[in-house]
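A.B. asks: The lines below spell out each chain.
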Amino acid sequence: MALSGLDIFKLLPKTNCGDCGVPTCMAFAMKLAQKKAELSECPHASEEAKATLGAASEPPIRLVKIGKDHPLEVGSETVMFRHEKTFFHQTGIAIQLRTSEGESTLEQKIREIEEYKVERVGEQLEPDLFLITHDSPEKDIFLKTIELVIENSTKGIILDCAEYETLKAGASLLKDSHASILLKKTVTDEWIDLAKNYNCSLILTSESYEDLATQVEKTKQAGVQNILLNITSKNTGLQIQQNTILRRSALKKAFKPFGYPLFNQINTESEFDMFATAAALLCKYESIVALHEYNRALLYALLTLRQNIYTDPQKPIQVDPKVYPIGEPTPESPVFVTTNFSLTYFIVSGEIENSGISAHLVVCDTEGQSVLTAWAAGKFVGETIAKFIKTINLEQQVTTRKIIIPGFVSQISGDLEESLPGWEVIVGSQEASDIPSLVKSLSLT
Amino acid sequence: MNFEIPKEVNTGKIIEVSIGATPEQGGTRSHTVTIGGSTALPFHFFEGEHPHRPLIAMEVFDKISNKYPSSLLDYYGDVIQKPGEMAQKCVDEYGAELISVRLEGTHPEKGNKSADEAAEIVKQVLESVSVPLIITGHSHYDKNNEVMKKVCEVTAGENCLISYVEKDNYKTIAAACIAYSHTLVTQTPIDVNLAKQLNILLTEMSFPPEKIVMDPLTGALGYGIEYTYSIMERIRNDALAGDKMMAFPMLVNPGYESFRVKETRAPEQDYPDWGNVELRGAYWEIATAMSLLVAGADLLIMYHPQAVATVKKKVEEMFDGRGGD
Ligand code: SF4
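Protein sequence lines correspond, in order, to chains A and B. Its first residue numbered 1, the first sequence is counted upward by one per residue in this note's numbering. Its first residue numbered 446, the second sequence is counted upward by one per residue in this note's numbering.
In case anyone wonders, no lab produced these hints; they're calculated from the structure. Honestly, I wouldn't trust all of these hints.
Said to hold, decoys possible - Part of the chain A face toward chain B, derived, beta carbon under 10 Å: (1) 82; (2) 117; (3) 120; (4) 121; (5) 212; (6) 237; (7) 253; (8) 277; (9) 298; (10) 307.
We treat Cβ as the ideally placed atom computed from N, Cα and C, and that holds for glycine.
My request is simple: use the sequences and hints to build the entire structure.
C.D. replies: Shown next, in the form of structure tokens:
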């Protein structure tokens, strides 16, 4: 939890010696509070001051990494609501592999998941982890599954195996891979040592807050800092409340034992139920979700939700400014123009598509602002649009000289016509949803 | 180890709004439904009350556009052309708790059906089902006003939920709701301040607060859901902090918005990574609905029977047996 300037001042020597480069301890404390200075710049700071400030500068929720080459990073969140700032580290999606499924099924699944990548708004989306659950009587298949993942995939691994020796053999295959161990029983020294020796994080499980906190303290004291919390609930409603309570305790009460990312495994349900729970918990603080079933449609929808919820609310997402073909446009097809705010782009392109015609959609660079905001900021006016059209050589690519602008900026049509000699500027509808009727009324083809 | 659950006590409470009217109340519904009443964030039973669980409505249409997704057409078959039968099917088979009659076919460019035709369709639906109704219009102000006035009149006393009015077009419909005892939806374009402003405008014309439901404008998954999500969280936080002009239940449209987007229509062979189009439609709507539920939605108008079944079951589970009406 952040300390105020006054809190910090109380910890300083109050001698105003000036060795820190600032005339008074108070001034130095203010700089520290604003993070514009480091405590080490005061040569006279006490051990107590160092300890207190050190603890205060630790993030309220620890960042934990799982995986080797491109590890998944989760945790380090600072707010309860995304509108307060943003959610930083998006929920990791783990696909469960059960060793009882048998080698050939497992291998196929691993390949399928490894290959599954889908692009959306210029971002590549994919699941992040494998959760390997050992539920087969044969020990070898557990090790074999781990090997299959190592051979076929670069994704991180979570190990779930109740049998100590088997797990140990598995963990030894993953020594430098920052694997995670999902522990479903109360943690003991044995397991903590194993995690320490093989450089693994530990996912601690409990139904009760008190017990979970006790397990965290024990694990931390024994030297394992990379912890995830798995508080189990009998239903989705309780899980939302418990996730909220853990997050709130960490952020608002500085309750250290709960300052870790949250793990949720969704079991025993149909694909639809599992998906609904995963979607709700993705909004409410799960840092990793483990799915026992998947299909491409499910993954695409969940990955899209994750991308949406974890978008920085302060920063509109943008698409590349350029000409986008809608349908199969010919040089005579009409030209629509809009801004590069991705939502605007998606809606406008979708509605042009809905209208059934082919067209060229010119997306201007408005730094991700929507039509009205960009217009107000002077980034979407006659001159800038004309300039962009010249830059991209649109006049060489198309023979049409009809350009349709959004209805909300009808006032720029005169300017645009002046800056684009030879073009007819048509004022379109205000709402994208009215594009199909606009197309009809203009008899565009 | 000791642990105390950190609770946040709110001063605000969401207004309780009832929809529908029984014969004793001047209508013909077998029962009424109530939403709102929450004193905490969604599903936070540990620090507040939620006397009513969120409800799922389904939608019937005065006109099916040729853009209606084929995955849903397959589900419903011909019955989708018959609003009365469709309403019955939604209630009896799929468990709809309210029926929304969408009158898009009255839009001058989408069929231009007359106000009388719209009134007939609404009456037909009223006769086929006994659950409360939502009447959903469109954004062509002049025509919408004419249609809604007529519909309010022929359903006088039924306490329908009339959806929706906007900042530049609220007086006529609000007056009709007062005259014929209906409840009203205020719709604003994903903006906290505009939402509040419109509610203030309504209360200034003495519109009863217990007859207002807010629509923050739904963006579907992949199409701005994060904006809707955060605006709803902000509205609900403000309401619980005591802002009475924000303390209304919220209506969202996961069905209509989800089934407008490319992702619920494009065939799998064109987008192999997107997976099966029928499943995808259901998932798309479920994701939209579930995230808006945790952001504070009290009433959801949904389309896909599988999505309805899944979300309804989840809502009941999240209420854990509480808030039964
Ligand atoms: S060096 Fe330390 S003791 Fe000296 S003025 Fe700066 S803060 Fe105070």
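A.B. asks: Each hint: holds or not?
C.D. replies: Each hint, compared with the structure:
no. : hint : in the structure
1   : 82   : holds, 6 Å
2   : 117  : holds, 7 Å
3   : 120  : holds, 7 Å
4   : 121  : holds, 9 Å
5   : 212  : holds, 8 Å
6   : 237  : holds, 3 Å
7   : 253  : holds, 5 Å
8   : 277  : holds, 7 Å
9   : 298  : holds, 6 Å
10  : 307  : holds, 8 Å
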